[in-house]
Amino acid sequence: MAARKAASKPNVSAEELKGYYRDMLLIRRFEEKAGQLYGMGLIGGFCHLYIGQEAVVVGLEAAAEEGDKRITSYRDHGHMLACGMDPNGVMAELTGRDGGYSKGKGGSMHMFSKEKHFYGGHGIVAAQVPLGAGLAFADKYLENDRVTFTYFGDGAANQGQVYESYNMAELWDLPVVFVIENNQYAMGTSTKRSTKSPSYWERGAAYGIPGEEVDGMDVLAVKAAGQKAVAHCRAGKGPYILEIKTYRYRGHSMSDPAKYRTREEVQKMRDERDPIEAVRSMLLTGKHATEEDLKAIDKEIKEIVNASAEFAKESPEPHLDELWTDIYAETAPQNA
Amino acid sequence: MATEILMPALSPTMEEGTLAKWLVKEGDTVSSGDIMAEIETDKATMEFEAVDEGIVGKILIAEGTEGVKVNTPIAVLIEEGESVDDIETSSAPAPAALSDEEGKAASPATASTPETPPAAPKVDNSPDWPEGTAMKEQTVREALRDAMAEEMRADDTVFLMGEEVAEYQGAYKVSQGLLDEFGAKRVIDTPITEHGFAGIGVGAAFGGLRPIVEFMTFNFAMQAIDQIINSAAKTLYMSGGQMGAPMVFRGPNGAAARVGAQHSQDYAAWYMQVPGLKVVMPYSASDAKGLMKTAIRDPNPVIFLENEILYGRTFNVPDMDDFTVPFGKARIWREGDDVTIVSFGIGMQYALEAADKLAEDGINAEVIDLRTLRPMDTGTIINSVMKTNRCVTVEEGWPQGSVGNYISSVLMQQAFDYLDAPVINCTGKDVPMPYAANLEKHALITTAEVIEAVKQVTYR
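So the sequences go chain by chain: A and B.
Under the working numbering, residues 47 to 382 are what the first sequence spells out, in order.
Under the working numbering, residues 9 to 468 are what the second sequence spells out, in order.
Hints in this document: simulated from the structure, not taken from any laboratory.
Note that the structure is a prediction, hence the values are computed from the model and not measured.
Each hint should be verified, as a subset may be incorrect.
Sample of chain A residues with no beta-carbon within 10 Å of chain B, all distances over it, derived [as the list claims (entries may be wrong)]:
| id | residue |
| --- | --- |
| 1 | Arg68 |
| 2 | Glu78 |
| 3 | Ser148 |
| 4 | Lys160 |
| 5 | Gly180 |
| 6 | Glu210 |
| 7 | Gln273 |
| 8 | Asp302 |
| 9 | Arg319 |
| 10 | Lys333 |
| 11 | Asp372 |
Calculated pairs, DSSO-like style, for lysine-lysine (alpha carbon to alpha carbon, straight line, at most 27 Å) [to be verified]:
| id | chain 1 | residue 1 | chain 2 | residue 2 |
| --- | --- | --- | --- | --- |
| 12 | B | Lys144 | B | Lys29 |
| 13 | A | Lys348 | A | Lys333 |
| 14 | A | Lys314 | B | Lys33 |
| 15 | A | Lys274 | A | Lys64 |
| 16 | A | Lys305 | B | Lys463 |
| 17 | A | Lys359 | A | Lys345 |
| 18 | B | Lys181 | B | Lys301 |
| 19 | A | Lys238 | B | Lys51 |
| 20 | A | Lys359 | B | Lys77 |
| 21 | B | Lys144 | B | Lys181 |
| 22 | B | Lys144 | B | Lys130 |
| 23 | A | Lys359 | A | Lys314 |
| 24 | B | Lys395 | B | Lys463 |
| 25 | A | Lys345 | A | Lys162 |
| 26 | A | Lys348 | A | Lys359 |
| 27 | B | Lys130 | B | Lys337 |
| 28 | A | Lys305 | B | Lys29 |
| 29 | A | Lys345 | A | Lys238 |
| 30 | B | Lys301 | B | Lys130 |
| 31 | B | Lys130 | A | Lys305 |
| 32 | A | Lys314 | B | Lys29 |
| 33 | B | Lys51 | A | Lys283 |
| 34 | B | Lys66 | B | Lys130 |
| 35 | A | Lys283 | A | Lys64 |
| 36 | A | Lys160 | A | Lys242 |
| 37 | B | Lys77 | B | Lys33 |
| 38 | B | Lys437 | B | Lys395 |
| 39 | B | Lys29 | B | Lys77 |
| 40 | B | Lys449 | B | Lys365 |
Each residue gets a CB set at the ideal place from its N, CA and C atoms; glycine is no exception.
Given the sequences, and given the hints that come with them, work out the whole structure.
What follows is the structure in structure tokens.
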């Protein structure tokens with residue numbers, strides 16, 4: 047893969063690399079904790095974990111600038127943590143508590159942070175794609191030089207509104223990076239069973255949008271590709287497509303037994319391609335960090351995640367009056 | 009520190025399950041991600057992974073045990089150097105509290121059943137413009153265009169997008185001249201992709217703009233209804249008030265003439281059902297103008313239902329610098345004591361014609377134009393029914409789940425003691441719109457049907 051080559055020329059300092067290790071580990075440990083709280087009945091409904099895909103959001107956030115926007119589907123916890131949202135607020139939203147980002151009214155799939163330019167958290171597969179193009183439309187209209195990362199999966203990539211968005215984004219030169227997180231399974235349907243043209247990035251060619259495939263288990267490759275895409279958008283050349291090949295270790299949601307793939311397949315990815323282990327070994331073999339340094343990071347992350355779980359358990363349920371607020375803008379002041 | 013491993017909930021509905029198989033035994037070392045057990049839920053057999061590192065100190069529930077309640081301790085994980093004997097197993101912690109102690113939240117939407125007839129609701133019946141205001145004649149089409157142009161002049165973030173809105177000057181010429189005045193940046197022709205451009209419009213609203221999204225007709229908006237409802241209407245709530253979609257979805261709605269089933273549906277009752285949306289359906293040109301200006305300024309998503317047949321009708325419009333009509337304020341077109349006729353949009357045409365003819369028979373109808381369906385000025389309807397004791401509703405849409413059905417229910421709950429006759433809902437017929445001229449005429453509501461309904465409720 048072309049992107050692997052980019053990784054062989056590290057576009058990164060030791061401190062940055064340690065930062066990516068930390069950010070990816072935060073997502074993984076957070077998600078493990080979320081899975082645990084789900085098992086305890088503290089998190090309800092649907093809960094889609096990001097474990098295995100951490101390098102995608104951490105790599106792309108490394109390519110983003112302040113004020114850039116991001117929007118994604120319902121597998122959204124990683125995106126929120128990577129863009130700097132508070133783990134306490136995210137976990138408390140998962141438990142449906144007042145301290146959550148949406149005061150407990152959104153849940154795992156519907157979370158937002160205007161402050162961090164995170165526009166959701168959307169529960170309808172691919173609906174976020176035109177929304178993301180619309181955010182980019184606003185930025186272009188306001189001439190503010192910002193870029194929107196619009197994430198969607200290989201499942202969403204077969205929805206018609208994606209191609210409607212491609213067409214208009216290129217027609218109007220919208221500064222949007224379409225990020226296809228190809229984890230190879232749309233719920234239980236593998237890409238092989240859902241399309242005969244599995245190179246999703248190539249589909250942009252029909253609309254004149256450049257794109258490329260990226261190794262999503264390599265955070266540096268993702269970052270390099272992200273920088274290229276962002277530069278294209280910021281130069282006013284319109285949208286760019288990144289198809290990031292990744293893998294989720296867990297089922298589609300908490301209630302998915304994942305019988306559509308073998309345990310060996312999952313184990314092989316974990317053993318050979320884990321994005322966090324890759325950075326860990328890069329740090330150690332390159333002598334950029336010692337075992338002690340990494341242990342300290344592990345400890346820090348564990349404390350953050352445990353604190354978020356405590357916060358999410360202790361934060362009160364929303365007051366019943368909240369049932370009736372935020373339906374219309376004038377009934378409650380906008381936080382923005 | 010020893011930690012208890014609890015029976016996990018592995019689906020949204022699981023309360024208990026079968027511990028089908030242990031894949032570890034006491035003394036095994038496990039690390040995060042290792043499969044520890046297989047658990048049968050109400051949906052499937054799931055693998056249960058370890059979250060923490062440690063040694064399996066003790067297995068508390070044997071494999072094959074059925075009906076293990078969620079959160080029951082099933083094993084104990086210890087750290088190196090610890091002994092199982094150190095463990096004090098606790099009883100299962102209470103599951104996440106689902107409190108009900110605060111009692112039921114009072115619903116602002118439902119009134120309690122009154123023991124005595126309620127007092128007349130307070131309503132705003134003030135005139136829409138000051139007495140003595142100069143008037144000019146305008147079509148509904150011109151009034152809508154002027155409203156958009158005035159708001160676009162006042163606010164740079166307002167823009168219009170849709171099919172044929174710019175160079176073609178609007179499929180129904182509603183946007184005539186706007187491209188010339190505001191340029192291609194703010195008056196934007198889209199490809200024929202309702203789902204996509206409605207979503208782009210909502211995203212642009214999230215991003216700080218005030219889009220006006222035109223649908224060539226609301227029939228085509230069905231391709232975009234997911235974006236209108238799931239994205240535009242619900243996001244403010246789902247984000248805890250952080251972001252919403254201040255925008256207008258507008259276009260002709262309902263039957264035109266001889267365009268058949270797929271181009272002739274009235275969506276008033278559909279959109280009126282959705283919390284988070286505001287729904288406007290004007291009849292006159294002055295209301296079209298005043299309500300459109302209010303809609304563009306409103307911080308919420310507004311559905312603005314126009315009508316192709318009304319576009320060319322001429323009405324008096326107040327000649328004012330900044331004329332607006334508030335949402336949630338009905339207009340009484342004609343006062344009367346014998347019966348209340350409630351309508352909106354093109355239904356007003358039948359309501360007013362019927363009232364004229366009824367007057368010749370000595371029946372004085374009070375005719376109310378709702379103008380906005382959400383919020384709905386039910387107070388004005390109730391006050392009128394307290395006077396007339398009879399009500400007929402008129403709309404073009406289908407009968408089942410109609411706007412009239414909702415009004416009937418409001419009257420039953422809030423003005424039951426004032427009703428001297430059942431409320432009659434005059435609606436379009438319960439059929440897809442036929443093409444044949446004679447059939448189409450029968451499918452639509454007619455003035456004669458409104459007159460007949462009034463005669464029924466007034467027992468004449």
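Would you mind confirming whether the straight-line C-alpha gap from Lys437 of chain B to Lys395 of chain B stays at or under 27 Å?
violated (30 Å)
Distance rule for Arg319 of chain A, whose beta carbon must clear each one in chain B by more than 10 Å:
The assertion about Arg319 of chain A holds, with a minimum of 14 Å to chain B.
Evaluate the condition: distance from the CB of Glu78 of chain A to the nearest CB of chain B exceeds 10 Å.
violated (5 Å)
Satisfaction of hint between Lys77 of chain B and Lys359 of chain A, Cα-Cα up to 27 Å
Between Lys359 of chain A and Lys77 of chain B the Cα gap is close to 21 Å, so the pair holds against 27 Å.
Please verify whether Lys181 of chain B and Lys301 of chain B have alpha carbons no more than 27 Å apart.
The given pair, whose Cα atoms are some 18 Å apart, holds under the 27 Å limit.
No chain B beta carbon within 10 Å of Lys333 of chain A's:
Nearest chain B Cβ is 26 Å from Lys333 of chain A, so the label holds.
Hey, Lys29 of chain B versus Lys77 of chain B, does the alpha-carbon distance stay inside 27 Å?
holds (16 Å)
Consistency of the no-contact label for Gln273 of chain A, given chain B and a CB cut of 10 Å:
Check passes; 23 Å lies beyond 10 Å.
Mind verifying the non-interface call on Glu210 of chain A? Its CB should be farther than 10 Å from each CB in chain B.
The claim is violated: Glu210 of chain A sits with its nearest Cβ about 3 Å from chain B, within 10 Å.
Is Lys274 of chain A within 27 Å of Lys64 of chain A, Cα to Cα?
Cα-Cα ~22 Å, so holds.
CA of Lys51 of chain B to CA of Lys283 of chain A, is that 27 Å or under?
violated (49 Å)
Given the hinted pair Lys77 of chain B and Lys33 of chain B, is their alpha-carbon gap at most 27 Å?
Distance ~21 Å between Lys77 of chain B and Lys33 of chain B Cα, so the pair holds.
Consistency with the previously given hints fails for numbers 2, 3, 4, 5, 6, 8, 11, 12, 16, 22, 23, 29, 31, 33, 34, 35, 36, 38, ordered from lowest to highest.
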